[in-house]
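Enquirer: Using the hints, position chain Z against chain V.
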Amino acid sequence: MSSNEELQETNTEARFEFKKEESSAFKSEKGLDEETIRVISEDKDEPDWMLQRRLRALKQFQEMPMPTDWPEAPDLSEIDIDEIVPYIRPDIDVRGGVDDWTDLPDDIKDTFDKLGIPEAEKNALSGVGAQYESEIVYQNMQEQWEEKGVIFCDMDKAVQEHEDLVKEYFMTKAVPPSDNKFAALHGAIWSGGSFVYVPEDTTVEMPIQAYFRMNSEGMGQFEHTLIIAEENSEVHYIEGCSAPKYSAFNLHSGGVEVFVKEDAHVQYSTVQNWSKSTYNLNTKRAIAEKGGRMEWISGSMGSKATMLYPSTILKGRGASDNHITIAFAGEGQDIDTGAKVYHNAPETKSTIESKSISKDGGRTNYRGLVHIADGAENSSTAVECDALMFDNESTSDTMPYMEINESKVDVAHEATVGKIGDEDIFYLQSRGLDDDDAKQMIVSGFIEPITEELPIEYAVELNRLVELEMEGSLG
Amino acid sequence: MSVQVPASISAETVEEISAARDEPDWLLERRLDALDSLDSLDLPDVIQTPGRRWTDLESLDFESLVDPRDQSDETVRESVEGATVLSFEEALADHEDLIKEHFGSVVDPERNYLTALSTALFTTGTVIYVPEGVDVEDITIRAEMNSRSLFSHTLVVTEQSSSATILESIESGDDVDGDRFFSNIVEVSAGENSYVQFGSLQNLDEDTYHITLKRGTTDTYSTINWIEGNIGSRLTRSDVETSLDGEGSETKVVGAFFGHEDQHLDINARVWHNAESTTADLVTRGVLDDVARSVYEGVQDVGQDAWNTSSYQRENTLMLSDDSEADASPKLIIKNHDTEASHSATVGQVDQEDLLYMTSRSIDPNTARNMLVEGFFVPVLEEIDVEEFREDLSELIIARLD
Chain V
1 MSSNEELQET NTEARFEFKK EESSAFKSEK GLDEETIRVI SEDKDEPDWM
51 LQRRLRALKQ FQEMPMPTDW PEAPDLSEID IDEIVPYIRP DIDVRGGVDD
101 WTDLPDDIKD TFDKLGIPEA EKNALSGVGA QYESEIVYQN MQEQWEEKGV
151 IFCDMDKAVQ EHEDLVKEYF MTKAVPPSDN KFAALHGAIW SGGSFVYVPE
201 DTTVEMPIQA YFRMNSEGMG QFEHTLIIAE ENSEVHYIEG CSAPKYSAFN
251 LHSGGVEVFV KEDAHVQYST VQNWSKSTYN LNTKRAIAEK GGRMEWISGS
301 MGSKATMLYP STILKGRGAS DNHITIAFAG EGQDIDTGAK VYHNAPETKS
351 TIESKSISKD GGRTNYRGLV HIADGAENSS TAVECDALMF DNESTSDTMP
401 YMEINESKVD VAHEATVGKI GDEDIFYLQS RGLDDDDAKQ MIVSGFIEPI
451 TEELPIEYAV ELNRLVELEM EGSLG
Chain Z
1 MSVQVPASIS AETVEEISAA RDEPDWLLER RLDALDSLDS LDLPDVIQTP
51 GRRWTDLESL DFESLVDPRD QSDETVRESV EGATVLSFEE ALADHEDLIK
101 EHFGSVVDPE RNYLTALSTA LFTTGTVIYV PEGVDVEDIT IRAEMNSRSL
151 FSHTLVVTEQ SSSATILESI ESGDDVDGDR FFSNIVEVSA GENSYVQFGS
201 LQNLDEDTYH ITLKRGTTDT YSTINWIEGN IGSRLTRSDV ETSLDGEGSE
251 TKVVGAFFGH EDQHLDINAR VWHNAESTTA DLVTRGVLDD VARSVYEGVQ
301 DVGQDAWNTS SYQRENTLML SDDSEADASP KLIIKNHDTE ASHSATVGQV
351 DQEDLLYMTS RSIDPNTARN MLVEGFFVPV LEEIDVEEFR EDLSELIIAR
401 LD
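Which chain is which? The protein sequence lines are V and Z, in order.
For the first sequence, the residue numbers in our numbering are 1 to 475.
For the second sequence, the residue numbers in our numbering are 1 to 402.
These aren't lab readings, by the way, just hints derived from the structure by calculation.
Since the structure is predicted, the reported quantities are computational estimates derived from the model, not experimental observations.
Glycine included, C-beta positions come from ideal geometry on N, C-alpha and C.
Hints should not be assumed to be uniformly reliable.
Unchecked claim - Covered stretches of chain V, as calculated for chain Z (at least 3 residues, CB under 8 Å): (1) 230 to 236; (2) 417 to 426.
Claimed, not checked - If you only want the chain V side, here are some residues facing chain Z, beta carbon under 8 Å, derived: (3) 36; (4) 344; (5) 389; (6) 401.
Said to hold, decoys possible - Take a look, some chain V residues computed to stay more than 10 Å from chain Z by CB distance: (7) 69; (8) 71; (9) 83; (10) 167; (11) 377; (12) 460; (13) 465.
One chain only, chain V, in its complex shape (with noise of 0.2 Å):
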């Protein structure tokens, strides 16, 4: 049987609904202080410059407000970070991950197993990480793409063994704890996560792929993700998310920083399904240089509310981007997403596509800023944003920003609200297909242009997903 097939026939809700009992080595007291980070930072046994950066992020959240200026900014007065647990480390011995599942204690193997990992890894990926808790328990990659120097490892390793390199770029550059505040809140207790370094003229011809896990109620994830692509350098990352549903709330608060050096291309790729008590608030952004290109790809189907708003900046001449997101909102959740490009070069291109669909009372935003700078002249700029609505409970806004400082560009934004078509309804339904399948059919297609840029085994994943969220909610 294909994994295409087996992931069509396994049951994808049971998948990851299912939770297992909370099982730690060490877990953190719920809150944050000064002494929960010394404690977090000697557990890990880091060096010392990294707890300074992390006390420093501390104090700098502690300083910060919460981003509740924001036109219709998603509601976060239930995030009590006194009541988050934001650290556990998982029952295993082998610190930054085994590279064999079978040396996984069972009940964490066994979730990975139903969230089809080692079968992916078995077939269309270069390598693997996967995190559960707060550390990384699983971390391989093939051999051939070692031997070129591929750096694939959990961030905490890293920052033992590549203790230069993450020196340098970890939230230095990118990111700054001082972005936002809960870029400082991560800064502060991150911890597991990956981190990526692809030499030059080196090609990772099949994805990487991170997993990220989070089983205990009321704990924080906080992983953190640095990739550095060399000139010339490809490579393609990709990142799943869930949680089990319990009635008080997670977080998830993760730090992306891709570094695209000249010529280089990255593709990162995201599909979030966070239960929907999981708030979402995370930091991503990559740094392009001359003739550098960078994608985001991004799924948001799970949370209570996401706020997620990847940048790109591009820096070099000729450097370019592309976004591409789907936001699905239904009962309950806020989908608050979009994208920001900073265009500080001539000839520097970007494409944002963005794709939301909002029903049962769930409500999609799509919250974009595209900046060109002075002197980036002949750089050009779309943003295409369509969304569907389902009904009259639903919202569906749409919020762009552009800046535009110089004038020999080409600026171009567009968007869409509207409902399914009858129209298209009664079509399909007069080739024999029910209305809720002309329905879902009908979602497929929308959401098209985004799973045909997924290898098979997410496009499947996330039109089931869609699916999911379409089953018994249509009349």
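Expert: Using the frame of chain V, we list chain Z on its own:
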């Protein structure tokens, strides 16, 4: 964070303004209420992005800009048979009930600091009343501002199945040393199945800070079309809004601006769809030269009850200079799925191919560019009902190009 109220403004000032115009008590009360509310009100919202604030209203120094006791204007009102077109002061004598009913019903005086300030201090303005079934065209109001500061309040009421096309223009008259301030509130209440086009042409001198809020509400099947032309002023903050409250009602918000030198133009067009089968079309075209900066916000808000809605928005900015800046934020807020909504925005320079075509036809490059800029405004000019207005705007655009 409220704004300091200038020392020159007190209850006494307001009473003096009201008494000089022999106003009824209720109007004085409303002025005083607005004055009282100043302490608790903020300036209008301006767009902020990380590290940037698109318009700086905070540094407006009302202390030096506003001299409430010395307001003067010369306004010529071209009345038309069948409709009432009077200065606000004169209208109070004849149509007090009408004014009492509608004044402050469309623009909440306490919406922000600037509306409250304007309500407390206005000394000029016009009342236009069109009775049931009456059609009037080409009502023109031409105002000249002669003092350091001037506050104006205009009220338009159209009864059932009437129609009116209106032009209101403002320019600077007597010279005054230093900075000046002009505030203009316009309220339009469109009765059932009536039609109003309210055109506004602002060409103030470039020492003047210009703040305007124009807002209309529609009854069933009525239409309010706005034409907002901004050529002059040092800084303009213009908000033009329609609340589509009546079933089947429509609005167009058409804007044209041409900024040069260091002008700052903050242009806002907003529409709320609050009823079924409503239609809105927002069209703004602007040109920027030198170091001028434009800021545009367009909002299409479709409420939960607004079934069968159509809502469109287009904004196009042409940059003639590399040192100018164009910021834009066209927003959609959609709460009903039975909607066809779209917006688009573009920013760029004069089309190089068009230019090449014209120069290859032996038109010199400067003339060619000017022709293309004139052509760029045509879709806006075509919307204007009042011929005089179309000619004036067109002339001002040509004058700026030379």
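Enquirer: Against each hint, give a clear statement of whether it holds in the structure.
Expert: Outcome of the hint check:
Only residues whose C-beta sits within less than 8 Å of a C-beta in chain Z count toward coverage, and the stretch 230 to 236 of chain V has 0 of them, not enough to reach three; the restraint is violated. Only residues whose beta carbon comes within less than 8 Å of a beta carbon in chain Z count, and the stretch 417 to 426 of chain V has 3; three or more means the coverage holds. The interface hint given for residue 36(V) is violated, since its Cβ lies 29 Å from the closest Cβ of chain Z, which is over the 8 Å cut-off. Here the hint on residue 344(V) is broken, as its CB sits about 14 Å from the closest CB of chain Z, past 8 Å.
Against a cut-off of 8 Å between C-beta atoms, the interface hint on residue 389(V) holds, since the closest Cβ of chain Z lies about 3 Å away. Because the beta carbon of residue 401(V) sits about 5 Å from the nearest beta carbon in chain Z, less than 8 Å, this interface hint is met. Residue placement check: residue 69(V) does not keep its beta carbon more than 10 Å from all beta carbons of chain Z (closest about 8 Å). Remark: the non-interface label on residue 71(V) conflicts with the geometry, its nearest Cβ contact in chain Z lying 8 Å away (cut-off 10 Å).
Residue placement check: residue 83(V) keeps its beta carbon more than 10 Å from all beta carbons of chain Z (closest about 29 Å). The beta carbon of residue 167(V) is kept farther than 10 Å from every beta carbon of chain Z, the shortest such distance being approximately 26 Å. A Cβ of chain Z approaches the Cβ of residue 377(V) within 10 Å, the least distance being about 8 Å, so the stated non-interface status is violated. With a least beta-carbon separation of about 28 Å from chain Z, residue 460(V) lies farther than 10 Å from that chain, consistent with its non-interface assignment.
Under the 10 Å C-beta cut-off, the non-interface status given to residue 465(V) relative to chain Z holds; the minimum distance is some 21 Å.
Checked against the numbered hints above, the structure violates hints 1, 3, 4, 7, 8 and 11; every other hint is satisfied.
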